[in-house]
Each structure stands twice: as structure tokens, then as C-alpha cells.
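Model the full structure from these sequences, guided by the hints.
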Amino acid sequence: MEGLRQDDPARIGEYVTLARLDPSAEAHLVPERRYLARTADGARTVLVSLPPRGADPARWAAEAQWAGRLTQPGFWPVTQLGGSAAFPWHASPYRPVLPLTAALAAHGGPLPERTVRLVGAALAEALASAHVLGVAHGGICPAAVLLTAYGPLLGCFGAARALAPDGTRRAGVPGLDAGCLAPEAAAGHPVSPAGDVHALGAVLAYLATGHTVPERDEIPPALRGPIAACLSRDPAGRPAPAQVLAELAPGAAYGTHTAGTEPLPLPGRVVAALSDQSVRVLTLELPAEVR
Amino acid sequence: MLSPLLHDDPETVGRYRLLARIGSGGMGTVHLARTPGGRTVAVKVLHPRLAGDPEARTRFRLEADAARVIGGRYGAGVHDADPAAPLPWLATEYVTGPSLDEAVEAGGPLPEPAVRAIGAALAEGLGQLHRSEVVHRDLKPSNVMVTAFGPRIIDFGVARAVGDAPLTRAGSALGTPAFMSPEQAADLEHGPAGDVFALAGVLVFAASGHGPFGSGSAADLLYRVRYADPDLGGVPPALVPVLARCLDKDPARRPATGELAAALTDGTGAHGPAALLADVLPDAVLREIARRGDDVWREPPHRLPPPPPDTPPATGPAAPAVSRRKLFAMTAGAVAAGAGLAGGGVWAWLAGRDSGTGGTARGRTTAQTVKPPARLWTFAVHIPNARAEVLAAGSGVAIPAGIVLCGVNAESGEGSWQADLADGWRYAADGKKLYALRDPEEGDTLAVCEIDMTDGQPGKPLAEVPDLAGDEPRNQLLCVVKDIAYLAARAASGGSWYLLALGLGDGRVRWRTALDAARQQNEPPLLCAAVTGGRLLRFRSDSGLSSFLEVTAHDLADGTQKWSRSEPYDGPPPTRIVHDDRHFYLGADALTAVRLADGETAWRFGDLRDVGDSAGETRLYGAPEVRDGAVYCTEGDRGVVSVDALTGTLNWLEKGLKNRHLNRDEAPAVGEKYVYSLDEQGLRAVDLRTRTAVWTLPTDATVLSADTERGRLYVRQEKETFALPLD
Numbered sequence: 001m002e003g004l005r006q007d008d009p010a011r012i013g014e015y016v017t018l019a020r021l022d023p024s025a026e027a028h029l030v031p032e033r034r035y036l037a038r039t040a041d042g043a044r045t046v047l048v049s050l051p052p053r054g055a056d057p058a059r060w061a062a063e064a065q066w067a068g069r070l071t072q073p074g075f076w077p078v079t080q081l082g083g084s085a086a087f088p089w090h091a092s093p094y095r096p097v098l099p100l101t102a103a104l105a106a107h108g109g110p111l112p113e114r115t116v117r118l119v120g121a122a123l124a125e126a127l128a129s130a131h132v133l134g135v136a137h138g139g140i141c142p143a144a145v146l147l148t149a150y151g152p153l154l155g156c157f158g159a160a161r162a163l164a165p166d167g168t169r170r171a172g173v174p175g176l177d178a179g180c181l182a183p184e185a186a187a188g189h190p191v192s193p194a195g196d197v198h199a200l201g202a203v204l205a206y207l208a209t210g211h212t213v214p215e216r217d218e219i220p221p222a223l224r225g226p227i228a229a230c231l232s233r234d235p236a237g238r239p240a241p242a243q244v245l246a247e248l249a250p251g252a253a254y255g256t257h258t259a260g261t262e263p264l265p266l267p268g269r270v271v272a273a274l275s276d277q278s279v280r281v282l283t284l285e286l287p288a289e290v291r
Numbered sequence: 001m002l003s004p005l006l007h008d009d010p011e012t013v014g015r016y017r018l019l020a021r022i023g024s025g026g027m028g029t030v031h032l033a034r035t036p037g038g039r040t041v042a043v044k045v046l047h048p049r050l051a052g053d054p055e056a057r058t059r060f061r062l063e064a065d066a067a068r069v070i071g072g073r074y075g076a077g078v079h080d081a082d083p084a085a086p087l088p089w090l091a092t093e094y095v096t097g098p099s100l101d102e103a104v105e106a107g108g109p110l111p112e113p114a115v116r117a118i119g120a121a122l123a124e125g126l127g128q129l130h131r132s133e134v135v136h137r138d139l140k141p142s143n144v145m146v147t148a149f150g151p152r153i154i155d156f157g158v159a160r161a162v163g164d165a166p167l168t169r170a171g172s173a174l175g176t177p178a179f180m181s182p183e184q185a186a187d188l189e190h191g192p193a194g195d196v197f198a199l200a201g202v203l204v205f206a207a208s209g210h211g212p213f214g215s216g217s218a219a220d221l222l223y224r225v226r227y228a229d230p231d232l233g234g235v236p237p238a239l240v241p242v243l244a245r246c247l248d249k250d251p252a253r254r255p256a257t258g259e260l261a262a263a264l265t266d267g268t269g270a271h272g273p274a275a276l277l278a279d280v281l282p283d284a285v286l287r288e289i290a291r292r293g294d295d296v297w298r299e300p301p302h303r304l305p306p307p308p309p310d311t312p313p314a315t316g317p318a319a320p321a322v323s324r325r326k327l328f329a330m331t332a333g334a335v336a337a338g339a340g341l342a343g344g345g346v347w348a349w350l351a352g353r354d355s356g357t358g359g360t361a362r363g364r365t366t367a368q369t370v371k372p373p374a375r376l377w378t379f380a381v382h383i384p385n386a387r388a389e390v391l392a393a394g395s396g397v398a399i400p401a402g403i404v405l406c407g408v409n410a411e412s413g414e415g416s417w418q419a420d421l422a423d424g425w426r427y428a429a430d431g432k433k434l435y436a437l438r439d440p441e442e443g444d445t446l447a448v449c450e451i452d453m454t455d456g457q458p459g460k461p462l463a464e465v466p467d468l469a470g471d472e473p474r475n476q477l478l479c480v481v482k483d484i485a486y487l488a489a490r491a492a493s494g495g496s497w498y499l500l501a502l503g504l505g506d507g508r509v510r511w512r513t514a515l516d517a518a519r520q521q522n523e524p525p526l527l528c529a530a531v532t533g534g535r536l537l538r539f540r541s542d543s544g545l546s547s548f549l550e551v552t553a554h555d556l557a558d559g560t561q562k563w564s565r566s567e568p569y570d571g572p573p574p575t576r577i578v579h580d581d582r583h584f585y586l587g588a589d590a591l592t593a594v595r596l597a598d599g600e601t602a603w604r605f606g607d608l609r610d611v612g613d614s615a616g617e618t619r620l621y622g623a624p625e626v627r628d629g630a631v632y633c634t635e636g637d638r639g640v641v642s643v644d645a646l647t648g649t650l651n652w653l654e655k656g657l658k659n660r661h662l663n664r665d666e667a668p669a670v671g672e673k674y675v676y677s678l679d680e681q682g683l684r685a686v687d688l689r690t691r692t693a694v695w696t697l698p699t700d701a702t703v704l705s706a707d708t709e710r711g712r713l714y715v716r717q718e719k720e721t722f723a724l725p726l727d
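Chains as they are written, first to last, in full-length UniProt numbering: chain W, 1 to 291; chain X, 1 to 727.
Because the hints were derived from the structure by calculation, they are not lab data.
Computed footprint of chain X on chain W, listed as stretches where at least three residues anywhere in the stretch have a Cβ under 8 Å from a Cβ of chain X: (1) 86 to 96; (2) 129 to 135; (3) 252 to 260.
Calculated from the model, a selection of chain X residues having no Cβ within reach of chain W, i.e. all distances over 10 Å: (4) L50; (5) V78; (6) D80; (7) A262; (8) P372; (9) L376; (10) A388; (11) Q457; (12) D628; (13) T696; (14) K719.
Here are the computed distance ranges between Cβ atoms for each label pair: (15) X:D598 to W:P174: 42 to 52 Å; (16) W:R280 to X:D570: 28 to 38 Å; (17) X:D558 to W:Q80: 50 to 60 Å; (18) X:D8 to W:S24: 42 to 52 Å; (19) X:L6 to W:E218: 49 to 59 Å; (20) X:W563 to W:A242: 14 to 24 Å; (21) X:D231 to W:Q80: 54 to 64 Å; (22) X:D229 to W:E218: 53 to 63 Å; (23) W:R53 to X:D8: 49 to 59 Å.
Bear in mind that the values here come from a model prediction, so they are computed numbers and not experimental data. C-beta atoms are modelled at their ideal positions from N, C-alpha and C, and glycine is treated no differently.
What follows is the structure in C-alpha cells.
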């Protein structure tokens with residue numbers, strides 16, 4: 001969470017912006033511009049997303065439309081679509097969230113293996129239930145995963161398509177984390193379930209080492225197998241999300257990780273960062289001039 | 001944690017809009033509230049009955065002063081206060097907690113480093129208070145909030161300035177005996193050293209899970225606080241000497257707060273300025289902190305409606321006051337089929353086909369493009385509203401009517417018989433036939449008979465089990481599937497209960513398995529049961545927890561128990577298990593699907609959904625129905641949702657419904673074209689294609705029974721049951 005800058009919008013639809021979710025220094029790694037915002041009567045606080053600068057707003061809006069129709073377990077729910085073709089946005093009720101980048105920053109480095117497994121299992125399960133329905137996420141990267149007290153949620157649905165249409169090279173496009181793009185997706189192939197699995201591997205690597213493209217030796221030995229399999233260059237060589245789930249959480253019943261009914265055990269500093277954000281947003285006031 | 005506002009709580013206090021209640025104490029009520037700028041705060045408001053009491057007003061002002069003195073680092077930062085307002089109030093930061101007693105409850109005694117860190121911070125906070133000449137006087141685990149960044153002291157309701165004369169009623173009764181100082185227990189001056197004593201008690205509790213003087217009656221505690229040695233069992237040895245000094249009966253021998261803080265930090269080295277309490281808290285407490293920080297962002301609960309008028313209009317004798325036992329005794333002596341039903345206290349009778357009364361239309365019928373269909377028939381039964389289902393059995397329909405069961409011709413709606421079957425748990429239908437347990441008068445052993453749908457008479461027993469008691473009124477016929485009856489019954493000798501599968505064709509017991517004894521004297525052991533997916537599934541009210549359902553699955557082949565789980569439940573307990581061959585479904589705070597195979601949650605729907613406004617209701621999802629791979633139920637007051645039965649994803653939400661209060665107790669009925677649902681205006685038909693309501697039939701119905709075989713919807717309202725086509 002960071003203060004607003006001069007070039008940030010003061011209002012988005014019926015909302016008054018209060019703060020940025022992501023630090024400006026990391027903007028090139030985040031596929032959306034995300035703001036904490038509140039209605040002018042102070043009653044509702046939301047997390048609003050805008051397309052990143054330079055992106056085609058219409059394509060971004062089309063992905064937002066899809067995201068608004070999905071109610072996939074483990075996906076960040078998009079509850080309101082707004083704006084115009086030139087200035088689209090979507091919003092969801094606020095709850096304390098840490099993009100994984102912020103979670104690692106709060107913890108002071110890679111997360112313990114136990115946490116990597118819990119977060120990874122929830123993400124794998126979310127992908128498994130989406131892929132069954134033929135839905136590929138197409139936008140997974142550390143900044144797209146929003147960690148809540150009750151587990152991670154996948155935001156930035158369809159980011160790869162939104163920021164670079166199929167058929168164009170995606171490597172180097174601002175907002176897309178190069179380390180999370182599968183080779184075929186970087187080359188411009190349509191987003192696919194296998195591409196999601198590659199990105200899942202990159203996110204797991206990030207959680208365990210702090211990099212999306214890790215050295216093999218950095219990864220805790222027990223996680224090397226599943227991460228390396230996900231990061232396979234050959235899409236056909238990557239495991240299905242259900243297999244990743246089975247390796248991360250052996251023996252656990254399917255459907256229990258994305259349920260989000262009980263808080264996840266998270267490291268103390270991560271809980272502290274979530275709790276600090278909650279308190280800060282609770283105490284934020286709308287700027288005096290809008291009241 | 002948060003509870004709804006009451007109907008007479010004010011809308012606003014000062015410039016704060018109230019959202020929910022956090023708690024209420026002797027002095028005032030604490031509300032969650034918001035400023036016009038959207039800042040969330042806790043607002044404590046003096047009880048209106050104390051507003052005219054100068055002493056209470058003085059104490060409230062002292063509390064506000066004390067809260068300001070301790071400030072936001074060790075307490076809850078004061079945002080604003082008006083102790084001079086007609087109703088004095090104090091607005092502070094909302095500290096989500098958990099409180100120390102909730103933290104210990106969640107994760108057991110805290111590890112030594114956490115106790116030291118909490119103790120040192122509390123000592124520093126008290127020191128700050130004492131330097132401003134204020135004593136807290138009521139430090140206890142529930143007044144200490146645990147945050148990731150350190151403990152916070154809240155609630156200064158009995159604080160007062162050092163040396164101030166005690167306020168008239170501010171004697172020992174105001175403190176909490178378990179954590180009181182000996183001088184407070186003796187009604188002597190409780191100064192800063194008294195707070196140190198209380199702090200040590202709080203730390204003993206944090207480290208061991210029990211207070212230094214145990215628990216018990218106030219009198220016992222007061223005695224032990226004054227004269228007994230503290231119990232430091234379970235306290236880490238390194239902490240015992242310093243806590244024992246703090247718990248000295250002589251205030252002069254206790255350490256001061258600064259010394260105590262130093263003693264607690266010594267030896268660990270971990271408690272530096274950079275260290276966070278979160279670093280030393282156990283997982284369970286961290287999870288409680290995270291839970292509360294997230295939950296505070298959910299929609300606040302809705303304000304409760306005013307209580308209903310004192311005496312609801314009576315309709316006939318007050319039925320709920322008549323115990324089931326009494327009714328049973330009455331029917332046991334009554335004769336079947338109509339004879340002798342005129343006696344006092346009997347309030348069910350046949351009225352045959354009713355065409356003239358038509359007394360159901362209340363309110364104005366609005367112009368609708370599609371009109372509600374005409375009734376196929378109406379059957380009048382003058383009984384109080386009951387939640388018993390209408391049972392379809394072959395050519396007839398059985399309608400429970402208080403102390404009898406009425407047989408009605410399914411085509412004409414004409415009443416054809418009534419049978420002496422009072423207790424709904426003693427009969428069951430499988431769609432074609434109606435079965436009942438044999439009347440206790442007719443034989444000593446348990447037997448299942450078929451009830452003839454033309455005259456209501458029981459036939460010869462289809463199956464009999466000699467060693468099970470026939471005269472036990474709580475014996476239960478759970479269901480009949482494929483000619484096998486599933487029963488709960490008591491042994492003829494001894495008090496053991498069994499769950500059994502009894503073949504009705506051959507009279508052979510397929511299996512039986514022990515069942516915990518029936519708990520209630522006049523209730524059957526189980527709520528309901530169903531056979532599906534190779535399982536016999538049964539519901540029971542959980543022992544002592546009325547808001548929980550115990551769900552147990554048995555293998556259909558041999559009766560072995562496969563799994564059991566508890567489900568939180570709001571509202572009346574279900575009378576029917578809603579299932580397909582993969583899951584069963586429950587609606588409460590979310591719509592839940594549980595796998596029949598292993599009893600694990602298959603999916604939950606609704607956890608992250610904004611269900612909109614639903615005045616005064618805590619239940620978000622109503623009772624569900626499942627048909628053709630979709631689960632239907634009400635969502636808040638927004639309308640019916642259709643959810644994919646396999647995955648729990650939303651198919652659709654009813655469109656365009658406004659200002660209705662939806663019935664959450666009765667599941668919708670699903671036809672080919674419409675889903676039917678009850679609300680306070682009547683019966684609503686929602687088109688499955690357009691997802692909008694096409695008509696509303698005014699009725700105060702309480703039961704909907706869909707008869708898919710015959711294409712009928714049976715609707716039961718106050719004094720009649722009628723049939724509509726199930727489209």
C-alpha cells in the first residue's frame with residue numbers, strides 16, 4: 001500500500017481513490033493498476049483495477065467482462081464492471097490482501113516450505129477446477145496472486161491476452177512478468193491451461209526462492225520435482241494442476257484448499273502485514289474536499 | 001464478535017454512523033461505527049438509563065481521560081469524545097483482537113517469549129498510565145487485546161485517579177475477582193501496585209491457561225486472592241520468581257512497572273524495538289488475528305427488527321403449548337377414522353372439498369402478464385401452521401393434520417379417510433405406497449405395515465422384529481427405499497437403540513447397528529434420513545448445540561458407519577435431506593455441498609458474495625432443492641440462485657426482485673419451466689429461462705411439496721392445503 005501520486009486518478013466511477021495497492025517501483029511487474037477506493041459517502045471501500053498505462057483498454061475490458069462472469073473457487077471475484085471503452089475499470093469489495101510480492105517483502109524473503117505448499121496447493125486446486133471447465137486463467141504471476149488471511153486468490157484474469165493479443169510476442173510487454181510466461185505464450189500462442197501450469201511453477205519458485213526463474217539449487221529439495229515439472233519447456237511435459245496439488249499436499253481431500261472457510265497458517269510477519277493493512281484502511285479518511 | 005444493531009439503537013452518535021454492536025457492559029454499549037469519511041471506529045455510548053446519574057457520567061469522563069492517557073500504542077487511540085453530551089460517548093480506534101482469553105482459548109497457553117513480550121509491553125503501558133496518576137483497576141485477560149504488533153489495554157470503565165475517593169458504588173464489586181488485588185478484595189485502596197498484581201495474574205493466565213487463584217464463586221475467589229498462595233503451576237520456571245514477587249500480598253513488596261518490564265525482557269534479548277509480537281505468537285493466535293482483520297471488512301450484520309406485538313392473534317387453541325407427549329397420549333386412546341374426534345382439545349377435522357371460502361387472497365394482486373394458475377383442488381384442514389410435508393403415495397396424498405393423518409384423493413382433492421397417526425416420524429412414503437409402524441395397541445413387537453390409501457387402514461404387518469419394542473412411541477420409520485425400510489427403534493429389553501434395515505418383502509433384517517440412546521423424552525432419535533449413493537444418511541440435532549446438525553453416513557450394504565460430521569445450522573432443523581447421488585446440500589451462511597463418499601465439503605458457495613440487504617436475517621442462504629444437476633435456494637433477499645451441483649459455480653441469480661423478504665426455511669420447488677419459492681408476499685414462480693418472477697400468488701404458505709410424478713405442487717397454508725400444476 002502506497003500513497004497516491006500526481007498522475008493517479010482522483011476518482012474512478014463512483015469511487016474516490018485513497019491509496020495504491022502496489023508500489024510504483026514494481027508497476028512493470030503488475031498487469032493492472034490497483035487502487036483502494038471508497039464511495040463518497042464513506043460507506044463502501046473497494047479494490048479497483050484499471051488497465052496498465054499503454055494497454056489497449058478495449059481488450060482489457062473484454063477480459064474484465066469474463067472475469068466478472070466467473071465464480072471460480074480461488075479466483076478473485078470481480079463484482080462490478082464500470083467505466084467506458086476508453087476508461088474501463090472493475091471493482092470488488094475490499095478485504096486485506098497482499099500481492100505475493102508484498103507478502104515476501106513483509107516476510108523478508110522466501111516463505112517457509114510449509115507456507116509454499118499451502119499457498120501452492122490452493123492455487124493448484126483453483127486451476128484444477130477452472131481447467132475442468134475449460135477456463136484458462138492466462139495471467140498468473142506473483143503480483144496477480146492476492147493473499148488474504150483465508151488463502152490466496154487469483155486476480156488479473158486474462159492479463160496475457162489483455163496486454164498482448166494472441167499472435168504477438170509477449171516477452172517484454174510491460175505488466176507481464178517474463179519469468180511467468182511459458183515459452184509458447186511468450187511467442188504469442190493463445191493462453192492455455194498448460195501455460196497456467198508453467199506460471200504456477202514460476203509462482204511456486206518465487207515463493208520458495210524469491211525469483212520466478214530460480215537456480216535449481218535454491219529450491220528446497222522436496223519442491224524441486226513439482227516446480228521443475230511445471231516449468232518444463234514442453235507444454236505436453238507439464239503436469240495437470242491436480243497432480244501438482246497431490247504433490248504439494250499429499251493425501252489431502254480435493255476441494256479443501258480453496259474453500260477459504262478457515263484462516264491459513266501464515267508466517268507472523270505476513271499476518272502482521274495483513275493486519276497492518278486492515279488497520280490502516282480502517283483508519284483512512286476520505287480527503288476533506290470530497291466530503 | 002460483531003452482532004446486529006437492535007431496533008432501538010440510534011442511527012448515529014455524534015457524527016458516527018453505527019454499523020453493528022461490539023459488546024455491552026455495565027456502563028455502556030460499544031458499537032462499530034463509521035465517520036462520514038469512512039473511517040471505522042469503536043464508539044462507546046453510556047447506557048441511556050445511566051445518563052441522568054451524575055456518578056455514572058463522572059466515571060464515563062474518567063474512562064475517556066484514561067483512554068487518552070494510555071494512547072494508541074498501548075491502548076486504543078482516542079478519536080473523539082463528548083462526555084458532556086446528553087448521552088456521553090467515546091470514539092476510539094477499533095482494535096480487532098483477539099482478546100488474551102480468546103487467544104489462549106484458540107491456541108492454549110502462550111510460549112514464554114510471547115508471555116514476556118506481552119508482559120513487558122503491558123508493564124510499560126501501565127507505567128504510562130501510572131505516571132499520569134491513573135490506575136486501571138480492572139486488568140484481566142478479556143481487557144487485553146492481542147495484535148501482531150503488541151498487546152493493547154482496553155476498557156477503562158473502572159479506572160480512576162490515584163488517591164481519588166472511591167465513587168460510591170466503585171467498591172470491590174466492580175472489579176473481577178479472579179484478577180483482583182488483595183487490597184481491592186478487602187475494599188482497601190488499590191493503587192499502581194494493585195495493577196501490577198493484576199498484570200501478574202494476567203501473565204500467569206497467558207503462560208498456564210489458568211488464573212493464579214483458579215476459578216469458582218466470587219466469594220471463594222475473594223478469599224483466595226486475600227489469603228491463599230498463588231498457583232503458578234504450568235508457568236515456565238524462569239518466570240516464576242518475578243511473577244511470584246508481583247503476586248505478593250503486600251503491595252510494598254511488589255516491583256514497580258519499570259522494574260517488571262526490565263525483568264521480563266531480561267534473559268531473552270529478543271524483545272528489542274525491532275521485534276514484533278507476531279514473531280513469537282503461535283500459529284493459532286496468528287490465525288485469530290488474521291481472521292479478525294479480514295472479517296471486519298465483511299458486510300456488517302443487519303439491524304434487528306422490532307419485537308413482534310405482545311400477543312399474536314390466536315388461531316384456535318395454542319398448539320405449541322401442547323406437548324407432543326400429551327398429544328400422543330390423547331391419540332393413543334382415540335379411535336381411528338373419524339370417530340370420537342369431536343372431543344375437547346381435538347382441533348383437526350375434515351372439511352371435504354372447499355370451494356366457497358377462498359379466503360387466501362390478501363393484499364392487492366398486481367397486473368401480471370402471466371397469471372398464477374388456478375387451484376386444482378383445495379383441502380381444508382383447520383390446524384395450526386405446521387411444517388410437515390404433504391406425502392404423495394400412489395393414487396392418494398397424505399396430509400398430516402395435527403393428531404391425525406388425512407388421506408386425500410390426489411385427483412379430486414376429496415378427503416377419503418383419516419388415520420390415527422399423530423407422529424410424523426412413525427410413517428413414510430416411497431412415492432407409491434404409504435407405510436407406518438404398527439400401532440402400539442396392536443402388538444408388542446415392532447412391525448411395519450402398509451397403509452391402504454383408499455381407507456387409511458393398516459394392512460397385515462409386512463415385517464416384524466421380535467426383539468424390538470413395539471410400544472416405544474419414539475420408534476422411527478425413517479424411509480422406505482426399494483422395499484427396504486430403514487428404522488430407528490428401541491430394543492424390547494433394555495434401553496439400547498438400533499438403526500436397522502428391514503426387508504419388507506421377506507421380513508429379513510439386512511443389518512442393524514447401535515444408535516446412541518434417544519436424548520429427548522418426547523422426540524425421536526433422529527431428524528430425518530435418506531438413502532442415496534450407497535449410503536444411508538441421517539441427521540440429528542447435535543447434543544446440547546441446537547445450532548448444529550450431526551450428519552452421519554452408513555454403508556447401505558452392512559450399516560457400518562462411514563463418517564460423521566457437524567454442520568452449523570440456523571433456523572428450524574431440516575425435515576428432509578436434500579441430495580443427489582453425489583452430495584447432500586445445506587443452506588446457512590453459505591450453500592454447502594458435502595460429498596456422500598467421505599463426508600468432506602465438496603464446495604461452498606457464497607463465502608465471498610455480496611448477498612445484498614436482508615433485513616434482520618443472519619441466514620444468508622435458505623433451504624436448498626436439487627434437480628437435474630442444479631441446486632436452487634434463496635440468497636439473502638435477492639432471490640433464487642441456481643448453482644451447479646457438481647462444481648458449486650453460479651449458474652444464475654434471479655433478476656429484478658426487489659423489496660421482498662424471502663422464506664429461508666422452506667426449500668424452493670422445481671418444475672420444468674419454473675422454480676417456485678415462498679416470500680412474505682406469497683408464492684413466486686421464477687421462469688427458469690428468463691430468471692425473472694412471472695407471477696406471485698398471495699399466500700401465507702409454510703410448506704411446498706413438489707410431486708414430480710404427478711406434476712403437482714402442494715401448497716400448505718394456515719387452514720388449507722391446495723394443489724397447483726407443477727409446470
